[in-house]
Structure formats: structure tokens, C-alpha cells
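Novice: What follows is the residue order along each chain.
Number of protein chains: 2
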Amino acid sequence: MAARDSDPTGLHRVLDDAVVLPQAARRLDTRPELWPDEVRIRVEKLNLDAASYRQLERKHTAGDGSVDHDGVRAEVLEIVGARGKMQNPETGSGGMLVGTVEEVGPESPLGLAVGDRVATLVSLTLTPLVIEDGLADWDGRGEQVPCDGYAVLFGRSIAAVLPDDLPTDLSLSVMDVCGAPALTARVVGEYVARSSRGVSVAVVGGGGKSGSLSLAAARHAGAGRTIGVVPHEQEAALLRATGLADEVVVADARNPIGLRDAVTAAGGPADVTVVCVDVPGCEGGAILATADRGTVIFFSMATSFSAAALGAEGLAADVTMLVGNGYVPGHAGYALELLRDDAGVRGLFEGRLTHEAGT
Amino acid sequence: MAARDSDPTGLHRVLDDAVVLPQAARRLDTRPELWPDEVRIRVEKLNLDAASYRQLERKHTAGDGSVDHDGVRAEVLEIVGARGKMQNPETGSGGMLVGTVEEVGPESPLGLAVGDRVATLVSLTLTPLVIEDGLADWDGRGEQVPCDGYAVLFGRSIAAVLPDDLPTDLSLSVMDVCGAPALTARVVGEYVARSSRGVSVAVVGGGGKSGSLSLAAARHAGAGRTIGVVPHEQEAALLRATGLADEVVVADARNPIGLRDAVTAAGGPADVTVVCVDVPGCEGGAILATADRGTVIFFSMATSFSAAALGAEGLAADVTMLVGNGYVPGHAGYALELLRDDAGVRGLFEGRLTHEAGT
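In the order they appear, the protein sequences are chains B and Z.
Using the working numbering, the first residue of the first sequence is number 1, and each one after it goes up by one.
Using the working numbering, the first residue of the second sequence is number 1001, and each one after it goes up by one.
FYI, nobody ran anything at the bench for these hints, they're computed from the structure.
Hints may contain errors.
[Stated by the list, open to error] Reference excerpt, derived from the structure (chain Z facing chain B, CB under 10 Å, subset only): (1) Val1019; (2) Arg1156; (3) Ile1158; (4) Arg1260; (5) Gly1281; (6) Pro1329.
[Unchecked claim] With a cut-off of at most 25 Å between alpha-carbon atoms, the simulated SDA-like pairs for lysine to any residue come out as follows: (7) B:Lys45 with B:Arg4; (8) B:Lys209 with B:Ser195; (9) Z:Lys1045 with Z:Glu1190; (10) Z:Lys1209 with Z:His1220; (11) Z:Lys1045 with Z:Arg1197; (12) Z:Lys1209 with B:Thr320; (13) B:Lys209 with Z:Ser1306; (14) Z:Lys1059 with Z:Ala1082; (15) Z:Lys1209 with Z:Gly1330; (16) Z:Lys1045 with Z:Ala1024; (17) B:Lys209 with B:Asp341; (18) B:Lys209 with Z:Thr1320; (19) B:Lys45 with B:Gly92; (20) Z:Lys1209 with Z:Ala1302; (21) B:Lys209 with Z:Asp1318; (22) B:Lys209 with B:Gly267; (23) Z:Lys1045 with Z:Asp1137; (24) Z:Lys1209 with B:Ser306; (25) B:Lys45 with B:Asp139; (26) Z:Lys1209 with B:Ala316; (27) B:Lys209 with B:Leu170; (28) B:Lys59 with B:Arg73; (29) Z:Lys1059 with Z:Pro1280; (30) B:Lys45 with B:Gly115; (31) Z:Lys1209 with B:Leu322; (32) Z:Lys1045 with Z:Arg1083; (33) B:Lys45 with B:Arg73; (34) Z:Lys1059 with B:Ser306; (35) B:Lys59 with Z:Ser1306; (36) Z:Lys1045 with B:Ala316.
The beta carbon of each residue, even a glycine, is placed where N, CA and C say it ideally should be.
Chain B with its partners taken away, still in its complex shape (with noise of 0.2 Å):
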């Protein structure tokens, strides 16, 4: 049936007359018909982007600051039929989606079986989108948007089965950010293998999804001290509370001397130190926190390529960085299970659904 074969980057579907990847094109081939290594979806939430969201609710806002939720809505209909993919041309970003397998091509390596309930776990901004339903039973209020319609997931796709053990809210609030434990419980296990000393590992936004995540991940992958960094008084309460941390500091993550010393005063600098704050200007500070031939993971998209490099240069700090990758193998499985394993993890998630529910 299809005129040319598939590659697993989905780049058979991209119609653009430039060679780019599906994330980068301007529109896709949403044909429901599949390549032999693709499987198709069948949707029945989208979860978009936060910033995404935001820019378009402020696009709708009126002078008078009544927001037009149905211009939202056409929006959000607008730009998936004309790309083929739900991706905010102005923010670039795009979400992620809930559904059910509804085919599964003879060659895909996913593993997937028709009727699995899956959250996909790649980007809305890559993954041809079809809405059926005009987005009728979607207020266009809020992220969570209620949907039918199918999707289709190429062979390098990433795709997680939703378990029956834990709220489907919970789940995808856990994946939405499993690749941060994930490479951290990798990372540390690294140090601890080849070190005879406590491993020393702070985590900068200790108390929040990512962070809380990778403190216990780190923990699980033998960590000697875990130090976590919060922003003010009230977060550094509910982390100590949850005794994730054998330290909890208060400190400006954007104040590099600040940053540094915090840490250091909490029997830093850290071997490995883990920056999950969406801030921009937290390189600095992160660098010296970590010790001489220390690793700092960068899981924050605010993160500046060039303010890393060229600080760590001028710092003189021997320091290895890594681009936090969201892909690790069997990151959303290791992070629901160090969710179902700690219930200072599992508290904080839920105390956040909780008072994001009644907002």
C-alpha cells in the first residue's frame, strides 16, 4: 500500500519536501492505514503541554480578561488538521496522549497488544493525530482534553501500558517525568560502583515531580547522603516530611555562590548533582556545587547549551554534563515502582493531583 517504506523515525510519514523528522515537520501523513512496524491508537485523552496551554489560553484572553475557551478549542482543531500533529507553532511543544491499541502492524517492536490501555510516552509534537469528534466534550478549559480520534506510533516510538494498580492520573503524573529517575538511578549507580566512599548526590527542586522522583531513585541506587535543594520554608517542610533526604536546604537555585554554599554546608559539593527546576540561570550554581570529576545532570528545559559550557570553562570545573535524555529503557516501569515503593513519593504526588483537582 504505501508508496515508500517505512523508516522507525516515522520519517515515511513526514509530507514536508525537506528530509526532517517527524518532530521538525511542518505537517504529517495521518493516513489510518499502517506500515508494517507502525501501531495505531485509539485515543481517548490528550494531556497538552503546560506551556502550550498557557500561550494559548493568553492568545484567547480578552482586554477585559475573559477567556474565549471555544477559540481555544477551534485552536487546538486547527492546528492538529492542518499539521497532523498537535504542535503549538509557537512554543514548539506538544503533550502526550492516553488510549487503546487498536492495531498493531505485523513488524512493530513495541510489544503492544490490541486493547492494551497505554499512555504514549514520545512527544504529541511527532505523532500523527486524527481528532474524530471535533473536540466535543472538551470545554477548552484546562490541559486534560477529552478526545476520539487515533494516533499512530512509529517503530522508535515509546509507548507504556497504563497499570491497573494505580489511578490513571497518578500513572501518567508519575510518566510525565520517569526519565529523570531513570538516568539518575544510572548515573549514581556508576559512582557507587567504582567508588569506596558515600556517594554524595543533590537534587535541585528535591520537592517537586521530577525531583522527588530522582531523590529516592538515587537512594535506591546506593547513595550515601542525598541532599535536597527547595526553593523556600514551606516545600523544604512537606520534603523533610517525607524523608526522602537525608538534607533538606532552602536555597535561590539562579544564586550560583548561594546554590554552592547551601550545598557544600550539606556535606556537598555533591558527586552528582541533579537540576530538576524549569528556571533559566541555575548552570552556574549547579556546576559548583558539584565536586572535582562530579556529574550534573541538566533535566531542565530551561537550560542554556551555552551557559553550561562556557560557565563550566570558566569556572575551571572539571565536571562532566549531561543533556538530560527523557529515554532510558524501562524508565516508566523503575519510576511507578519507586512510587509504589515509597510513600513519601507517592504522597507528594497525590497531595499535587489532589490540589490541582481543587484549583
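Assemble chain Z onto chain B, guided by the hints.
Specialist: Here is chain Z on its own, set in the frame of chain B:
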């Protein structure tokens, strides 16, 4: 003498109200008196960052295309006078300098002695600088700026003594990119130590300064196969003639599928991929050219953090991605050794200097 204690980062010379590192500061304290861990350099030449010089030249170009070089000179003087450092407010970049050690504080850890002729390997963007001759010997043309004045190095700064056996311009040209071969050698060496088969290394931009040194470093560190990727046949011929790479392939690094296929055809995917080309959009191709559990080292300042992070996630690629830290202890000496030991590298660098001098 000093009201406040010195900090190895140079924080004590920041005159801004906010607590920021010298690189982020608006203005630095340029007093010639040293804190105990500082070093003062008598400056003989500034090497402006290429992007910075081009911006200044563009700004002072009239409608008829003529350049007001006196205006360029005046603006460099103005910037250094106002900020106490040479940091182009538009590009944010600086450069480096050459000079002679004039005074060494009793607690300086840099290992320098009065009279040493050195190049600073930390950016001018964080180096206190005073120009004393009004740049009288500079005509405002080109990035090389003869200059009499002084500069200050902090406890954590880096300066390399210029070797006697090589021309100054050649040494500077090597030192400018010396972080890349040092980090490449370290990473490749780790793969070689734990692998029983030959380790393959692809260098994207293998014909350039940092690229050719990285190819030499990869082989020196024990790589079993080195692949140089260049943008066109002319550069391929130059690189082939040096013998630095086992395979030389031509590919557009911005075309992810093209880059993947070229490296694969040359014996890849690579265990280690080194990105040395300063063009945006190379993240996807570098990720796809790299083997599962391989490492990508990004040295290009055109690298987008989010494109790398989201790209790897979108491709379900389990690769380690490093921010190319320009500082590795001993990096300048190592790069100079590679140049001395390899006629191919030396030929490329000398050819480039001759070419630049002739244009």
C-alpha cells in the same frame, strides 16, 4: 587592603548589586592590586571572539559598504572602559588574551611565575581588563588586537604557558579548541577500557580545528575505527590526505537521515559521536548516528539543549549526551602534543593560518 575576601570564582570583583558570577556581571572591579589568590598579566594582544568582531564590523558599516574601523576601535575601548572586561553586549562573547605574568599573589593555585608568557584559556567575558594605550597600535581591522594594559586572573582561572617550539599563532589556534580533544580522549578511553571489540568514533566536522584534533585524540585513546564527516568533497580530500580518519564521508549534518546513513555505511553507528560543526540542527542526526548506549559529545555552541533532550526522547534513543565542557585538566598541553606528534593535524592548522593570513 580588600574590603571583602576573595572568592576563587572572582565574585569579589563583581560590582553589580545582584550576586552574579563575573561572566554574568555588568561591571567588574579592575583595580591592579591583587587579592592573595590572583595573578596579574601584562597584556600584549587580545584575540576577539570571531562572532563578536563580525558584529562590531557590521554595526560600523555604512550604507555604501565601507567600514568605519576607527568606530570599531572606539567601541572596543568603550566596552572595556564601561564594563571592566571585553564582553560584546550584543553577542555576549569575548575572546582570549596573550600576555606576560606581572605579579603572582602568594595564594594563587595556578602555578604561574612572573615572566611566564601565557594565553588565558578562560573567556575575556569574565576577565578584569584595563587597556592603557588607547589601542594605538590597532587599526580596528581583524580579531587580533595589539594592546598594552593589564588583566587579572582568579583562583579558578586557567592560563597556559606558551611553548617555545611553536609559533605563537599556531599555539593559540590549538589552545582555542583544546577542550574538545581532551574530553574526546577521556570518553573514548572509557569505552575502550570496558569494550572487548573495537570502539568506533565519528567526528562531525572532522576537517575543522576541533574536529581534526578530536580525530587524532580518538585514535590516540585507542579507537578501533575513526570516521570523519565533512560537508563537501573538497574538505573530504583535505582530510583524507592527512590520514587522520579511517573513513571520510560527505554528509550534511543537518539532515538526520543522511548523517545516520553516511555514518552507518562507514562502519557505524558510532560508539562515540563528536559534534564539532557550528551550525544549528545537528542534534537529531548525531543521535541517530550513535549506537545504543553510545555517547554524543556536543562541542558546537549552536547546539540546542531542548532539541537534543526532546530529540533523543522522541527517537527512543538510549544515548548519553554530553555538554562539551571546554575545561579538562591538562587540555592545552595534550592538544599541543597531538599537534606535534601528527603531521596531518599540524598541516591542517598551518594551512588554515596561512589561508587566514592571505585573506
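Novice: Tell me, which hint numbers fail for this structure?
Specialist: 7, 8, 9, 11
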